[in-house]
Amino acid sequence: MIDAEFLINTLSLGSLYALLALGLVFVYGILKLVNFAYGEYIMVAGYGLFLLGSYTALPLWVIMILSVLLAAAVSYLTEIVAFRPVRTKSLTAMLITSFAISVLLQNAALLFVSPRSRAVRLPAAFSQSITVLGVTTPLRNVLTIVTAIVLLAGLTVLMKYTVLGIAMRAAADKFTTTRLMGVPANLVISVAFIISGFLAGVVAMFWIGRSSSVDPLIGFAPLLIAFIATVIGGMHSLAGAVAGGFVYGLLFNMLSILLPASVISYRDAFMFVIVILFLLLRPEGLIKGSYTEERVG
Amino acid sequence: MTFLLRFLTRVPGRLTVITFAVLLAVGAVLVNSSAPRVWIGIYTYFCVTLMLVLGLQMFMGNSGILNWTYVGFVGIGAYVSSILSVTPSVKALGVPNMYPALVELHLPVVPAILVGALVAAALAAAIAWPLMRLSDAVGVITLFAALIVMHVIMTQWDNVTNGPRTFFGVQEFTTIWIAVGGAIVTLIGAHMFRESSLGLRLRASRDDRFAAPAIGISVVRVRYLTFVLSSFVAGLGGGLWAHYITSFSPKSFYVAEMFVLMTMLVIGGAGSITGAALGSAVITILRQGLLQLESYLNNSGVISFEVYGLTELGMAFLLIVMLIWRPDGIIGGRELHLPFLRRRIAAADAAETAGPTDPI
Chain A
59 MIDAEFLINT LSLGSLYALL ALGLVFVYGI LKLVNFAYGE YIMVAGYGLF LLGSYTALPL
119 WVIMILSVLL AAAVSYLTEI VAFRPVRTKS LTAMLITSFA ISVLLQNAAL LFVSPRSRAV
179 RLPAAFSQSI TVLGVTTPLR NVLTIVTAIV LLAGLTVLMK YTVLGIAMRA AADKFTTTRL
239 MGVPANLVIS VAFIISGFLA GVVAMFWIGR SSSVDPLIGF APLLIAFIAT VIGGMHSLAG
299 AVAGGFVYGL LFNMLSILLP ASVISYRDAF MFVIVILFLL LRPEGLIKGS YTEERVG
Chain B
1296 MTFLLRFLTR VPGRLTVITF AVLLAVGAVL VNSSAPRVWI GIYTYFCVTL MLVLGLQMFM
1356 GNSGILNWTY VGFVGIGAYV SSILSVTPSV KALGVPNMYP ALVELHLPVV PAILVGALVA
1416 AALAAAIAWP LMRLSDAVGV ITLFAALIVM HVIMTQWDNV TNGPRTFFGV QEFTTIWIAV
1476 GGAIVTLIGA HMFRESSLGL RLRASRDDRF AAPAIGISVV RVRYLTFVLS SFVAGLGGGL
1536 WAHYITSFSP KSFYVAEMFV LMTMLVIGGA GSITGAALGS AVITILRQGL LQLESYLNNS
1596 GVISFEVYGL TELGMAFLLI VMLIWRPDGI IGGRELHLPF LRRRIAAADA AETAGPTDPI
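From first to last, the protein sequence lines are chains A and B. Note that the working numbering numbers the first sequence so that position 104 is 162, with each residue one more than the last. Note that the working numbering numbers the second sequence so that position 111 is 1406, with each residue one more than the last.
Simulated from the structure, these hints should not be mistaken for lab results. Careful: at least some of the hints might be erroneous.
Which chain B residues stay away from chain A? Per the calculated CB distances, all over 10 Å, these [unchecked claim]:
1. Ala1316
2. Ala1330
3. Leu1361
4. Glu1490
5. Ser1547
6. Tyr1591
Here chain A is said to cover these stretches of chain B; the calculated rule only asks that three of the stretch's residues, wherever they fall, bring their Cβ under 8 Å from a Cβ of chain A [claimed, not checked]:
7. 1378-1387
8. 1422-1436
9. 1445-1451
10. 1609-1620
By construction, the Cβ of each residue, glycine as well, lies at the ideal position given by its N, Cα and C atoms.
Please build the complete structure, drawing on both the sequences and the hints.
What follows is the structure in structure tokens.
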């Protein structure tokens, strides 16, 4: 069961999920907001691919870059328009706002584009295969792993060695104290949303690359995966999110192989039972971060 | 007269809740006697929805925890009551894979709906205790995860629910009178609950999670009891809903439906009964208007493409605007009251305590 193919599949799935979870945690760390609209940034990037690909003659790689930037821009826009005004009110208001944004974006796509799925064109590299370690695998899988390594390295440098990164880590730890040190709150939160949207955009390229089509509800599945991965890994640290992504990728592939065919359709239920158990028994996740006890009783 | 006034205004919101109940009843009589059939249907649906929103308010409004699983319990009420009330021959036809023992089960509609509500409450009682310890973001994700687990089971367990396919053949039992009766009872029940000792303790735990235990409130206990109660109302409403709509599938009990219920509650004001009731009314009217517009646009051929999602788009937009402008909803956290009656009562009280005035 554990062979090179399994390894590559798991690594590429894990890389994708790690990026996905990381994007969610960037915002959660600072605002303590579980952003239900996160999946919709992926959808937005997908529609960017579709619209730019159908109505412009730009090269495909330019379209991809523009789509990723579009996701980051939409994420930033939702922060300015909707989250900033409710930020000081209550957490519940913010959660409902994020959900309303998700419904708004979904139905905007439904209304202004189409309820049916649309085919998108991606560079040929996304459909080619390659032989690594004696295993033939889609080149996409290798690209996912490479992208994840590059992005994780880049983000590590950003978070560890730049003033902005240090300010963001401080804000995730103690937001009020960080503000007292003179760090502008709006800037830190905006950057968190932009990075979150950017990561969603990058994930969108690979997620959509698998089916080469986009529909208004495409964001829901990755949102759920990001939830599971962050909870397993630890919602309070960036490293935890990455770890959670890889563990989820492994768990998912193992369950797919190990579960008998009759219960395979319940796989999602199993995953979410695991989530609930994690939240109850080990709410800090695999990697603890700045977790503080929030429960009662 | 003064006695009546005092009874109506003793508890905050009692007067407005009773006014709402009377309005509901009068509305039902008017709609039933003079309005077209479509309106009777809309009014019945509104009353059942109102019941569901009030059940949601019991837990979510008073505890401050976003209760995603609520709609799952509505689904359990709907499925259990329908499985019990549909005759074996229809079930054998509609749900080919159903367990033979379930096919044989048959009850009249009223006990079937009650059993549905009890099963929903029992399930809530079985799973909720550990979940009630969590608050804020973690609590929300847990309840969201629980909804997904319930949804997966509903779509996959085709020996019971007919899987993702439609479950049909349910008898149409919920008339406008039953629906309005259910809504009024729930309205008064939710109000009494809110003002009861349990409701007060729960609201205290919502307002300050750390001060409440300091005055002897067991936060997990009050949350747990309310969650079970709220799930019972969900199951009851689900049963009535199923016996109005007569055919449904698991996607009626998922995120999109929950969004409608939550919008109704939040727009009116989750903290109060009058808010929940007003929000349900406003959103029902808005939804009907947008749905009419949508079908008009699609059928008239004014525009060249099909319009989908306008209703949800409008609701989501309104919800965001409300959250920015008035995050506590139209009514806010406190019950609506009529100020002039208050003043009259206060004047009467003052006159009584002052006694006869001395002429000198």
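Beyond 10 Å from chain A, beta-carbon-wise, is B/Ser1547?
-> Nearest chain A Cβ is 16 Å from B/Ser1547, so the label holds.
Compute the least Cβ-Cβ separation between B/Leu1361 and chain A, then decide whether it is above 10 Å.
-> Violated, because the least Cβ-Cβ distance between B/Leu1361 and chain A comes to about 6 Å, which does not exceed 10 Å.
Quick one: work out the minimum CB distance from B/Ala1316 to chain A and report holds if it exceeds 10 Å, violated otherwise.
-> holds (28 Å)
Within 8 Å of chain A's CB atoms, at least three CB atoms from the region 1445-1451 of chain B: coverage verdict = Per the Cβ count (3), the hint holds.
Three-residue Cβ test at 8 Å for the coverage of the region 1378-1387 of chain B by chain A = As far as the region 1378-1387 of chain B goes, the hint is violated, because 0 residues have Cβ atoms under 8 Å from chain A.
Report holds if the minimum CB distance from B/Tyr1591 to chain A is greater than 10 Å, and violated otherwise.
-> holds (15 Å)
With a cut-off of 8 Å between beta carbons, are at least three residues of the region 1609-1620 of chain B near chain A?
-> holds (count 7)
Taking 10 Å as the cut and beta carbons as the points, is B/Glu1490 off the interface with chain A?
-> Fine: 22 Å to the nearest Cβ keeps B/Glu1490 off the interface.
Chain A versus B/Ala1330 - minimum CB to CB distance exceeding 10 Å, so not interface | holds (30 Å)
Confirm or reject the coverage of the region 1422-1436 of chain B by chain A under the rule of 3 or more residues with a beta carbon closer than 8 Å to the chain's beta carbons.
-> With 11 residues closer than 8 Å to chain A, the region 1422-1436 of chain B meets the three-residue bar; holds.
Consistency with the previously given hints fails for numbers 3, 7, ordered from lowest to highest.
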